[in-house]
Amino acid sequence: MKALSKEKISMLKRAAYVAFPHSLPILAGYGFLGLAYGICMSVNGLSPWYTFFMCWLVYGGSTQIVGVSLLTAAFDPLNAFIITFVLCARHIFYGISMLEKYKNLGLKKIYMIFGMVDETFAINYSAEPPKDVDRGWFMFFVTIFNQVYWVIGSTLGAVLGTLINFSTEGIEFVMTSMFVVIFMEQWKKDKSHLSAYLGLAISAVCLAVFGADNFIIPSMIGIFLSLTLSKKYLERKVGDENDL
Amino acid sequence: MTFNEKLITIGMIILATLIMRFLPFIIFPDNKPTPKFIQYMGKVLPGAVFSLLIIYSLKSVDILSGGHGLPELIAIVITELCHLWKKQMLISICAGTVSYMLLVQFVF
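Protein chains in written order, with numbering that gives the first Met the number 0: chain A, 0 to 243; chain B, 0 to 107.
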């Protein structure tokens, strides 16, 4: 491997330095969610090694939490596949939204696609690092910082298990808060709010109709169809500019 | 479940996750122009997706019992007001989270 030049090292440092504050809400959120998840794994008799490796290789909050019940139930690999498949369906939308931003980023892109969980997508899509920062490496560092928080939080929870006394009820709201703020930032940029309204209305109706465990797929279908139908309107409203 | 059965189960979880995450990037690779319709979707989806994420993070709120969703509503309003006022992401997120924790621990 080529030795890294001084310029490259200082560029990487700068990207990491700028990315770190963006990842701080996730440090709080994943730290505590991870603790809770790790404890849950241990309480169900799964060794901390499972927690550690699943945090690196699966890396997905909701998937891993459902995974606890998959691993403690009767052996049914097809069921495990289908449940995970459905849970991860929303990543298709993240991928489509990030096609442009993740273009031509070289090998690190493979890791960044793997590590694009809800929160990482939200930050990487919406963040606007200063012009002198390499956006690709900025997004890379956001991705890896977030995963490291998840690994550390979960593994700590798994190792310490029930020794931890929780007085942190409600800390998980940090995720909702973050999504609300990112939603507001996106709202300012959008010239038409139709997409945001459609998203809120369709998801809320689907949640009421299909319930908490089954509403994601119907919501996605509804959002996709409604945005397809409003293509003419949205394109006219926003013009042909890039910042639709 | 035996050790091997656990490994297979985890393998299936990893496989399904990888497929969903990589699919869009495999269908629409860097070296080919992305179809116009998908480009359009890439631009308009995020607005709706952030809405979906907010609802998703609130999905276990029971409006028929407990706090009836009031602590969530109050904390969201606090987050929004704080963000309109200070325009500092971290401060808004902190204010919302801390007020929610105080609400669920001491009020509701």
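Possibly wrong hints are sitting among the right ones.
Below, a list of computed lysine-lysine pairs in the BS3-like style, where the Cα atoms sit at most 27 Å apart [stated by the list, open to error]: (1) 230(A) to 85(B); (2) 86(B) to 231(A); (3) 31(B) to 187(A); (4) 188(A) to 231(A); (5) 187(A) to 35(B); (6) 102(A) to 31(B); (7) 102(A) to 86(B); (8) 58(B) to 7(A); (9) 108(A) to 85(B); (10) 102(A) to 5(A); (11) 58(B) to 130(A); (12) 86(B) to 108(A); (13) 5(A) to 85(B); (14) 231(A) to 187(A); (15) 102(A) to 230(A); (16) 85(B) to 236(A); (17) 107(A) to 86(B); (18) 85(B) to 107(A); (19) 130(A) to 187(A); (20) 190(A) to 5(B); (21) 85(B) to 130(A); (22) 236(A) to 107(A); (23) 107(A) to 7(A); (24) 58(B) to 236(A); (25) 85(B) to 102(A); (26) 5(B) to 188(A); (27) 12(A) to 187(A); (28) 100(A) to 5(B); (29) 231(A) to 85(B); (30) 35(B) to 230(A).
Hints are computed from structural coordinates only; laboratory data are not their basis.
Comparing the hints with the structure gives:
A threshold of 27 Å between alpha carbons decides the hint, and for residue 230(A) with residue 85(B) the separation of about 35 Å lies outside it, so the pair is violated. Of the supplied pair hints, the one linking residue 86(B) and residue 231(A) is violated, its CA atoms being roughly 34 Å apart against a limit of 27 Å. Restraint check for residue 31(B) and residue 187(A): not satisfied, since their Cα atoms lie roughly 32 Å apart, outside the 27 Å limit. Among the hinted pairs, residue 188(A) with residue 231(A) is consistent with the structure: their alpha-carbon atoms are about 20 Å apart, no more than 27 Å.
The suggested pairing of residue 187(A) with residue 35(B) holds, with an alpha-carbon distance near 25 Å, which does not exceed 27 Å. The hinted pair formed by residue 102(A) and residue 31(B) meets the criterion: a straight-line CA distance of about 11 Å does not exceed 27 Å. Among the hinted pairs, residue 102(A) with residue 86(B) is inconsistent with the structure: their alpha-carbon atoms are about 30 Å apart, more than 27 Å. At most 27 Å may separate the alpha-carbon atoms for a hinted pair to count; residue 58(B) and residue 7(A) exceed this at roughly 44 Å.
Restraint check for residue 108(A) and residue 85(B): not satisfied, since their Cα atoms lie roughly 34 Å apart, outside the 27 Å limit. Only pairs whose Cα atoms come within 27 Å are accepted, and residue 102(A) paired with residue 5(A) is accepted, the gap being roughly 26 Å. About 37 Å separates the Cα atoms of residue 58(B) and residue 130(A), which puts this hinted pair outside 27 Å; it is violated. Taking the CA atoms of residue 86(B) and residue 108(A), the gap is about 31 Å. The hint is violated against a cut of 27 Å.
About 38 Å separates the Cα atoms of residue 5(A) and residue 85(B), which puts this hinted pair outside 27 Å; it is violated. Distance restraint check for residue 231(A) and residue 187(A): the Cα-Cα separation of roughly 22 Å lies within the 27 Å cut-off, and the hinted pair is therefore satisfied. Restraint check for residue 102(A) and residue 230(A): satisfied, since their Cα atoms lie roughly 24 Å apart, inside the 27 Å limit. Simply put, residue 85(B) and residue 236(A) have alpha-carbon atoms about 30 Å apart, too far for the 27 Å limit, and the pair is violated.
Distance restraint check for residue 107(A) and residue 86(B): the Cα-Cα separation of roughly 32 Å exceeds the 27 Å cut-off, and the hinted pair is therefore not satisfied. Restraint check for residue 85(B) and residue 107(A): the C-alpha separation of about 35 Å exceeds 27 Å, so the hint is violated. Using a Cα cut-off of 27 Å, the hinted pair residue 130(A) and residue 187(A) holds, with the two alpha carbons roughly 20 Å apart. Proximity of residue 190(A) to residue 5(B) is assessed by CA-CA distance (about 49 Å); at most 27 Å being required, the pair is judged violated.
Distance hint between residue 85(B) and residue 130(A) is fulfilled; the C-alpha atoms sit about 23 Å from each other, no more than 27 Å. Of the supplied pair hints, the one linking residue 236(A) and residue 107(A) is violated, its CA atoms being roughly 36 Å apart against a limit of 27 Å. A hinted pair counts as satisfied when its Cα atoms are at most 27 Å apart, and residue 107(A) with residue 7(A) qualifies at roughly 15 Å. A hinted pair counts as satisfied when its Cα atoms are at most 27 Å apart, and residue 58(B) with residue 236(A) does not qualify at roughly 32 Å.
For the hint linking residue 85(B) to residue 102(A), the alpha-carbon distance of about 34 Å lies beyond 27 Å, and the restraint is violated. Distance check on the hinted pair: residue 5(B) and residue 188(A) sit about 46 Å apart at the alpha-carbon level, beyond 27 Å; violated. In summary, the hint linking residue 12(A) to residue 187(A) is not supported, as the alpha carbons are separated by about 30 Å, beyond the 27 Å threshold. Between residue 100(A) and residue 5(B) the CA atoms are separated by roughly 37 Å; this puts the pair beyond 27 Å, and the hint is violated.
Between residue 231(A) and residue 85(B), the direct Cα distance comes to roughly 37 Å. Violation of the 27 Å bound is thereby established for this hinted pair. Among the hinted pairs, residue 35(B) with residue 230(A) is consistent with the structure: their alpha-carbon atoms are about 11 Å apart, no more than 27 Å.
Comparing the model with each earlier hint shows violations of hints 1, 2, 3, 7, 8, 9, 11, 12, 13, 16, 17, 18, 20, 22, 24, 25, 26, 27, 28 and 29; every other hint is respected.
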